[in-house]
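Residue numbers (numbering that gives the first Met the number 0), protein chains in the order written: chain A, 0 to 150; chain B, 0 to 401.
Because the hints were derived from the structure by calculation, they are not lab data. Virtual Cβ for every residue (Gly too), placed ideally from N, Cα, C. Do not take every clue at face value.
[What the hints assert, rightly or not] On the chain A side, residues computed to face chain B include the following (Cβ under 7 Å):
{"no.": "1", "residue": "His-96"}
{"no.": "2", "residue": "Pro-101"}
{"no.": "3", "residue": "Thr-102"}
[Claimed, not checked] Straight-line alpha carbon distances no greater than 25 Å define the calculated DSS-like cross-link-like pairs of lysine-lysine that follow:
{"no.": "4", "chain 1": "A", "residue 1": "Lys-34", "chain 2": "B", "residue 2": "Lys-372"}
{"no.": "5", "chain 1": "B", "residue 1": "Lys-50", "chain 2": "B", "residue 2": "Lys-35"}
{"no.": "6", "chain 1": "A", "residue 1": "Lys-121", "chain 2": "A", "residue 2": "Lys-135"}
{"no.": "7", "chain 1": "B", "residue 1": "Lys-35", "chain 2": "B", "residue 2": "Lys-24"}
{"no.": "8", "chain 1": "B", "residue 1": "Lys-215", "chain 2": "B", "residue 2": "Lys-50"}
{"no.": "9", "chain 1": "B", "residue 1": "Lys-252", "chain 2": "B", "residue 2": "Lys-24"}
{"no.": "10", "chain 1": "B", "residue 1": "Lys-44", "chain 2": "B", "residue 2": "Lys-215"}
{"no.": "11", "chain 1": "A", "residue 1": "Lys-121", "chain 2": "A", "residue 2": "Lys-34"}
{"no.": "12", "chain 1": "A", "residue 1": "Lys-121", "chain 2": "B", "residue 2": "Lys-301"}
{"no.": "13", "chain 1": "A", "residue 1": "Lys-34", "chain 2": "B", "residue 2": "Lys-252"}
{"no.": "14", "chain 1": "B", "residue 1": "Lys-301", "chain 2": "B", "residue 2": "Lys-44"}
{"no.": "15", "chain 1": "B", "residue 1": "Lys-252", "chain 2": "B", "residue 2": "Lys-372"}
{"no.": "16", "chain 1": "B", "residue 1": "Lys-35", "chain 2": "A", "residue 2": "Lys-121"}
{"no.": "17", "chain 1": "A", "residue 1": "Lys-121", "chain 2": "B", "residue 2": "Lys-24"}
{"no.": "18", "chain 1": "A", "residue 1": "Lys-34", "chain 2": "B", "residue 2": "Lys-24"}
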Amino acid sequence: MPQFARINRRSLAYRVLGGVALLAVVLAGGVAAAKPRDLNISLDRPSDRGVFRVRIQSQVAPIPLSRVHPWTVHLTDQAGLPVSGAVIAIDGGMPEHHHGLPTAPRAASAATPGDYLISGMKFSMTGWWVLNLSIKAPDGRTDRITFNMVL
Amino acid sequence: MGATLATALALVAAAEPTWSAADLKTLRGLWIGALKPPPPDPSNKVADNAKAADLGRALFSDTGLSANGQVSCASCHQPGHAFTDALPTGHGVGTGNRRTMPIAPAVYSPWQFWDGRADSLWAQALGPVENPAEHGFSRTEVARVLAARYSDAYERLFGPLPDLADRNRFPLRAAPGGDPAAKAAWEGMSDADQILINRVYANFGKAVAAYERTLKIRPSRFDAYLAGVFGAPDPHARLSPDELAGLRLFIGKGQCANCHNGPLLSNHGFANTGVPAHPDLPRDLGRAAGVRAAVADPFNCKGVYSDAPAGCEELEFAVIDNPGQVRAYKVPSLRGVGQRAPYMHAGQFSSLEQVVDHYSRAPRAPDGASEIKPLRLSADERRQIVAFLRTLDEQPAPSPHG
Chain A
0 MPQFARINRR SLAYRVLGGV ALLAVVLAGG VAAAKPRDLN ISLDRPSDRG
50 VFRVRIQSQV APIPLSRVHP WTVHLTDQAG LPVSGAVIAI DGGMPEHHHG
100 LPTAPRAASA ATPGDYLISG MKFSMTGWWV LNLSIKAPDG RTDRITFNMV
150 L
Chain B
0 MGATLATALA LVAAAEPTWS AADLKTLRGL WIGALKPPPP DPSNKVADNA
50 KAADLGRALF SDTGLSANGQ VSCASCHQPG HAFTDALPTG HGVGTGNRRT
100 MPIAPAVYSP WQFWDGRADS LWAQALGPVE NPAEHGFSRT EVARVLAARY
150 SDAYERLFGP LPDLADRNRF PLRAAPGGDP AAKAAWEGMS DADQILINRV
200 YANFGKAVAA YERTLKIRPS RFDAYLAGVF GAPDPHARLS PDELAGLRLF
250 IGKGQCANCH NGPLLSNHGF ANTGVPAHPD LPRDLGRAAG VRAAVADPFN
300 CKGVYSDAPA GCEELEFAVI DNPGQVRAYK VPSLRGVGQR APYMHAGQFS
350 SLEQVVDHYS RAPRAPDGAS EIKPLRLSAD ERRQIVAFLR TLDEQPAPSP
400 HG
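For reference, chain B alone in the conformation it holds in the complex (with noise of 0.2 Å):
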């Protein structure tokens, strides 16, 4: 009798895990509980406004925004699958270099991309759309789109649209880094109707980044026991003892807290984790060419679009030309990971599996310097981790905008 209930406690101590105040604080941190609102971009003056919002929505979803007619944002970042499209490289018009990456945490970081080369939301929403792999469309496109079909509620928010009548003066295909015929267009316009034309651009992605903002985290399994640990009142969840042994060493042994921190469990760094480069794409030197495009790009916080009175300190002491950014590539969210393989900036890995195994081995990196270092990680403490990980899928979403 004694022996059994002895058994049984052990059992229970087995099951209800004691964390050191460290872990805890750690813990703490990784909790959906932390999460803030999302910062102010004080460089949109539309990114809180819900009218923008609306218009942007629309505009995420609109295919008539593309070379051919058929691809918007939703193509790539669908809704029903993390804001993600299950492929190694987004495809859009064509095929791109990199992976599509989920909307929803991108807000609460300073800078976009794989490589941060847009330092804001709104900036980052005018790349893919003169992307030739992606919506392959021009500017002075989005801006007859904008005219012909949404120009009330561009016009509340932004002010009169130009008149774009004058296909002298607007080309109906202008772009300054598009294909040959449009970039001799772009150049053959005057400054003055470039920058009207630029300002629209401007606008159209002031309003998607407001509808971005709006996209919400949702909890997960992790949070829910977590809010248990922290002393909400049951019921609550559990984690199983591989998901729990799994928790213990991505905080401690396997040192994934060191980047993956925080309730998106993203420090929002960027670091260089040896991934192996795609081997049929171009050389890719990530951080080390993103951070200075984002410096010369000419919508950036600083830049003429930009409505930041001052500030724009991320970009002012962004750090340059510093050997550890050679392939150093945005630290992702992990939250819902397990729902949106493959994975990678590339879409190098096609499940967790693969991914805790490089961590494991950390091989050298193709090109600078990885910062990891082997973990030599068993098979059980490989699968604990995949299990954990597993724990932080969204839960499902109350309606299709979540």
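Chain A with its partners taken away, still in its complex shape (with noise of 0.2 Å):
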């Protein structure tokens, strides 16, 4: 049971994000998911419920095949506010060959208000790639975010 209501609120997180309906069982196992014409690439949008704004940037551009390098993240709330001291977990991987991340990245919190630094981020392919990042900040207030990288 606990596996099909994480495959329910996967296939919510898509149907919010890229407008497409029936995307479920996406590293959840089971079938590959194909990449969806509108995928939306951006990488600072509100995370699905709203709570927050998310602004995530590699730290090294082009993203670079094969080689961990670092990311960072800057968090707001709905008013424009920076959001400091949230506890950010991370996972993603890729959909159309359900597998994981090959790394596990870690965020921390930078100096600077809203600003996070994530990690041992690395990507070993071409394609598209999903950055899950769940987001608690020290009110309380939690919410998720999907971001698409096509790499």
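Got two chains here, separate frames each, mind docking them using the hints?
Here's what the structure looks like:
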């Protein structure tokens, strides 16, 4: 049953983000998902329920292949105020090939308000990758966001 | 006349397939032309030192580095046999639990062994030496061989060897994971002496790794065909209709390129593909256990014997405790695969036909969950994939050390 719940939540996220229905089972096993034609590849977007606005950026441009490299996150709330001290969990992978990330990246607070550093990111091949951030602010507000990248 | 011309044109069209833009992108990724020089190894300061490679080459085929004086790295990794041994599981002083892997592609991989339990080539090289089924040797014996026969080359690279004359301080045969006597001898040594020996042992691995880094991947007929696809002037190799159909299946319906991608036809990851467990071997958890061993290995990138000043990010950010790692094994390079049967981590399949049949059926994994789904390939399709895999045979080496 928990498996089923997870699938539903992901499918919901995809419906909201990509405007595409029935992209269930992604990364949760099962049939590989095809890349939707209108994939939202913006890296600066409101989170799923609009609790936060999240901007992510690779610190190495262009995004390198098969090399561990850092990213940054900038987190604000609906009013545009920076949110510091949040706990951010990261996972992701390649929906079309149903495998996860090749590394286990971690986010940590940076010195400036609303800024975080993600260390340990790596993409092992070209294609469509998703990055899921689960965000928990110090005041208890939580939300998730799925970013899409095509390398 | 017109009809003959049309038939002739149709035949040409059949022989020269059209690839979509997406196909071409995938094919360009598989081409050997996309292979970059090996990534640097900051944990090994002699990784690209030619003198270290010379020393490493000698050590690689030195049977004096074994318990019975008969086993060297080259006994199993035979240069004339794509650096493998044609056996289901490696055979040295005894018989092991895993199949011998080719060496040349390993330099591109962040993790060594089928389960990735070493995070560098030099840390890897230390494993077989003390493995009772392989060299059955010990690190104090390695230090003595280096002192007796390689001291000049060694000391020019790494500085003075410790004086090993005192057998109370440096027992003849001492290893932390060896047989009970070797283990007891190791435990009897002082911490400082253990570190002295470990340093020599690590340097042995670093020289061997420097040699392994010089081994080249040789192009195949597939690469010559791709050169033509990407516009190289004639003459370039052609693939037969079966081989082309097999290639199309490989990057299409067969989904092989999900894992076997990039110029080595490997994504350097780990996957559970439901390969049956060998009935006579102990339970094997694959990557799930391998990553833990790598993190605990005193010779890893973060350990005191590493030359890396910082970094070690593959280790630092390694995926641990993921259920998908149970019975996941390293995705092997498929270059030269037709020349080195048998297949899989314990030589479970003796032919490429059996391998492709496995992918077609995709049985349940004996442990963990298989990532592959049944492809239900026809007999023709299976034959075509095998025909394609054989186009990956490496062209003959120009010299024994190619």
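Consistency of the hints with the structure:
1. His-96: Nearest chain B Cβ about 4 Å off; hint holds.
2. Pro-101: OK, holds: Pro-101 (chain A) within 7 Å of chain B, min 6 Å.
3. Thr-102: holds (4 Å)
4. A:Lys-34 with B:Lys-372: Judged against 25 Å, a Cα distance of about 19 Å means the pair holds.
5. B:Lys-50 with B:Lys-35: holds (23 Å)
6. A:Lys-121 with A:Lys-135: This hinted pair holds, its Cα atoms lying about 24 Å apart.
7. B:Lys-35 with B:Lys-24: holds (17 Å)
8. B:Lys-215 with B:Lys-50: Distance of about 18 Å is within 25 Å: holds.
9. B:Lys-252 with B:Lys-24: holds (17 Å)
10. B:Lys-44 with B:Lys-215: holds (21 Å)
11. A:Lys-121 with A:Lys-34: holds (20 Å)
12. A:Lys-121 with B:Lys-301: holds (19 Å)
13. A:Lys-34 with B:Lys-252: Holds, because 16 Å separates the two Cα atoms, which is no more than 25 Å.
14. B:Lys-301 with B:Lys-44: Holds. Lys-301 (chain B) to Lys-44 (chain B) sits at ~14 Å (cutoff 25 Å).
15. B:Lys-252 with B:Lys-372: Satisfied, since the Cα-Cα distance of roughly 11 Å is no more than 25 Å.
16. B:Lys-35 with A:Lys-121: holds (18 Å)
17. A:Lys-121 with B:Lys-24: holds (21 Å)
18. A:Lys-34 with B:Lys-24: holds (16 Å)
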